[in-house]
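The lines below spell out each chain.
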Amino acid sequence: MVKTTGSERSQTISEKILSSHSGKAAKAGDIVVADLDYLIGQDDTSGIAIDSFKKLGAKKVFDPSKIAIIVDHSSPSPNEGVSAIHKKIREFHKETGIKLYDIGCGICHQITPEQGHVVPGDLVIGADSHTCTYGAINVFSTGIGSTDLAAGWASGKLWFKVPETMRVNYNGDLPKGVFSKDLILKLIGDITADGATYLALEIYGQAISDMSVDARFTISNMAIECGAKAGLMEADKKVLDWVKAHSKKKPNPISADQDAKYAKIVNIDISKLEPQIAKPHTVDNVVPISKLGDVPVQQGLIGTCTNGRLEDFRIAAKILKGKKVKDGVRLILAPASKQILLDMIKEGIYQSLLEAGAVAVTPGCGPCVGTHNGVPSDGENVISTANRNFKGRMGNTKAFIYLGSPATVAASMIEGKIADPRKYL
Amino acid sequence: MQGKVWKFGDNIDTDLIIPARYLNTSDPSELAEHCMEDADPNWVSKKEKGDFIVAGENFGCGSSREHAPIALKAAGVSAIIAKSFARIFYRNAINIGLPIMESEEAANEIKEGDKIEVDLAKGEIKNVSSKMIYYAQPFPPFMQKLIKAGGLINYIKKSKRR
Chain B
1 MVKTTGSERS QTISEKILSS HSGKAAKAGD IVVADLDYLI GQDDTSGIAI
51 DSFKKLGAKK VFDPSKIAII VDHSSPSPNE GVSAIHKKIR EFHKETGIKL
101 YDIGCGICHQ ITPEQGHVVP GDLVIGADSH TCTYGAINVF STGIGSTDLA
151 AGWASGKLWF KVPETMRVNY NGDLPKGVFS KDLILKLIGD ITADGATYLA
201 LEIYGQAISD MSVDARFTIS NMAIECGAKA GLMEADKKVL DWVKAHSKKK
251 PNPISADQDA KYAKIVNIDI SKLEPQIAKP HTVDNVVPIS KLGDVPVQQG
301 LIGTCTNGRL EDFRIAAKIL KGKKVKDGVR LILAPASKQI LLDMIKEGIY
351 QSLLEAGAVA VTPGCGPCVG THNGVPSDGE NVISTANRNF KGRMGNTKAF
401 IYLGSPATVA ASMIEGKIAD PRKYL
Chain Y
1 MQGKVWKFGD NIDTDLIIPA RYLNTSDPSE LAEHCMEDAD PNWVSKKEKG
51 DFIVAGENFG CGSSREHAPI ALKAAGVSAI IAKSFARIFY RNAINIGLPI
101 MESEEAANEI KEGDKIEVDL AKGEIKNVSS KMIYYAQPFP PFMQKLIKAG
151 GLINYIKKSK RR
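So the protein lines, in turn, are chains B and Y. Here the first sequence is numbered in the numbering used here, starting from 1 and rising by one per residue. Here the second sequence is numbered in the numbering used here, starting from 1 and rising by one per residue.
Hints in this document: simulated from the structure, not taken from any laboratory. The beta carbon of each residue, even a glycine, is placed where N, CA and C say it ideally should be. Just so you know, not all the hints are guaranteed correct.
[Claimed, not checked] Here's a subset of chain Y near chain B, in silico, CB distances under 8 Å, partners left out:
#	residue
1	P19
2	R21
3	C61
4	N92
5	E112
6	L120
7	P140
8	F142
9	I156
Please model the entire structure based on the sequences and the hints provided.
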């Protein structure tokens with residue numbers, strides 16, 4: 001049994017990270033004030049955060065090298081209201097010296113780990129609900145609102161209620177044509193949209209160890225879709241190698257103690273798992289693809305902070321290369337960062353996908369969050385690799401959004417209906 | 001505070017409360033004009049200042065956008081009573097001073113159009129129409145301090161002055 005420094009009891013990953021950042025042995029249920037390693041905001045939420053920061057009377061941020069704002073939600077600006085918010089963000093960057101990733105750099109949840117800002121053992125907040133993404137590299141990262149972000153900018157600290165933890169064990173090997181997206185959809189379908197509210201997840205399994213770091217981000221990204229505060233994984237060699245390639249910061253990998261206390265343990269046998277689909281209009285409305293029935297689609301989206309990474313596009317290109325997106329169907333690509341887009345070009349993936357009939361938009365959130373770049377029409381069905389299928393999410397309450405893996409979306413583009421990707425792999 | 005009840009179901013997400021297409025402003029009154037639009041397009045013209053929202057489980061799930069509680073507050077909603085709240089919404093509501101109360105019983109039994117009276121300090125929800133009284137889950141002491149101060153910004157300002 002491994003004991004952590006400063007603690008008298010067996011701890012979960014969340015308890016350990018919140019202990020080391022608050023200077024006290026924290027246990028689930030405690031409220032601690034903790035030091036933050038990195039803070040991010042995006043263009044939907046940072047405008048209000050800047051207003052709150054000014055209301056606080058704060059003159060300086062606590063440490064500009066630990067703060068970034070990423071302009072990704074409406075990028076480039078689709079209207080004058082958003083332009084005014086972008087301008088406010090650019091001015092704040094000049095006033096305070098914080099890092100700014102302006103239009104086209106990519107989505108905050110790719111940029112933040114890719115640019116090396118966060119490493120294992122860190123405590124991170126972001127004014128975006130999918131900040132839980134970095135749990136895949138052993139970071140306790142969680143979404144908060146604009147006012148919390150402003151308080152963090154001013155003080156470098158924030159209060160946290162130390163969460164209890166749900167342990168998720170994926171048992172068995174990942175079947176062919178089934179991906180990390182299917183694993184997380186299966187979990188959310190099983191435990192429902194509020195199954196882990198106020199809890200942190202710790203996610204384990206041979207399949208997790210076997211998959212790439214890119215694929216793991218997809219799972220942690222969607223932890224919020226079952227209400228979880230964080231979606232934590234261990235930092236194995238793959239993670240440490242990935243982090244070393246992206247960051248100069250020193251990682252501090254954190255594992256749970258063997259006798260850590262879990263609020264709940266969920267075991268999922270994945271050895272016979274099929275591709276999973278979340279049907280409109282909630283993410284927990286999940287069915288295996290064989291039970292879906294015939295669903296024609298008019299639009300596909302591959303990208304977003306969930307599935308807009310290089311590996312995702314490689315899988316899509318493998319299926320679509322030399323084939324055509326069916327007539328009457330639109331395929332939109334939204335890479336998660338400029339670096340990914342450059343890598344896609346270098347590998348020839350971009351060309352294969354464009355030749356198959358896809359169109360690409362600026363690396364960013366637009367089509368997923370419904371601000372611009374692909375709003376569906378009334379009555380249309382969309383198959384998307386995003387994390388949410390809420391009514392109106394893509395900008396039209398009369399459209400229907402289905403969620404699946406990049407392979408599922410690519411296969412569906414060929415057939416013009418939601419299709420099982422296994423026959424194409 | 002006293003007002004009329006509007007009922008909503010489970011999983012009322014932040015896109016229903018305020019869709020992303022309206023996040024091109026942070027002016028509370030402009031946000032209020034589109035509040036709950038995708039759940040009920042006519043709600044904004046029907047509701048009156050001081051009304052309550054009573055909803056099911058996981059109210060405010062989805063995005064971290066603080067525009068959601070800001071829009072509800074600016075729309076004149078006195079308080080939200082729900083079976084449960086999503087974590088980020090819960091925190092944001094407290095931070096900006098929108099009263100929220102968790103009570104499964106109240107959420108189950110109170111009907112649309114009922115008149116209710118709420119005492120936040122006591123956590124008491126009185127249904128004037130049916131004469132029933134419910135008690136909400138109490139907040140932890142730290143959050144009570146935040147609520148009493150009128151949100152996080154005021155709390156920090158007050159603690160600085162001390």
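Hint-by-hint comparison with the structure:
Proximity of P19 of chain Y to chain B holds as hinted, the smallest CB-CB distance being about 5 Å (cut-off 8 Å). Contact between R21 of chain Y and chain B, as hinted, is supported at the beta carbon level, the nearest pair being about 6 Å apart and thus within 8 Å. Interface hint at C61 of chain Y: satisfied, since its Cβ lies 6 Å from the closest Cβ of chain B, which is below the 8 Å cut-off. Because the closest C-beta pair between N92 of chain Y and chain B is about 4 Å apart, less than 8 Å, the hint holds.
This hint is violated: E112 of chain Y has a C-beta 20 Å from the nearest C-beta of chain B, more than the 8 Å allowed. The interface hint given for L120 of chain Y is broken, as the beta carbon of that residue sits about 20 Å from the closest beta carbon of chain B, more than 8 Å. For P140 of chain Y, the shortest C-beta to C-beta distance to chain B is roughly 7 Å, which falls under 8 Å, so the interface hint holds. With 8 Å as the threshold, the beta carbon of F142 of chain Y comes within range of chain B, its nearest partner Cβ sitting at about 5 Å, so the hint holds.
At about 6 Å, the closest approach between the beta carbon of I156 of chain Y and any beta carbon in chain B falls short of 8 Å, and the interface hint on this residue holds.
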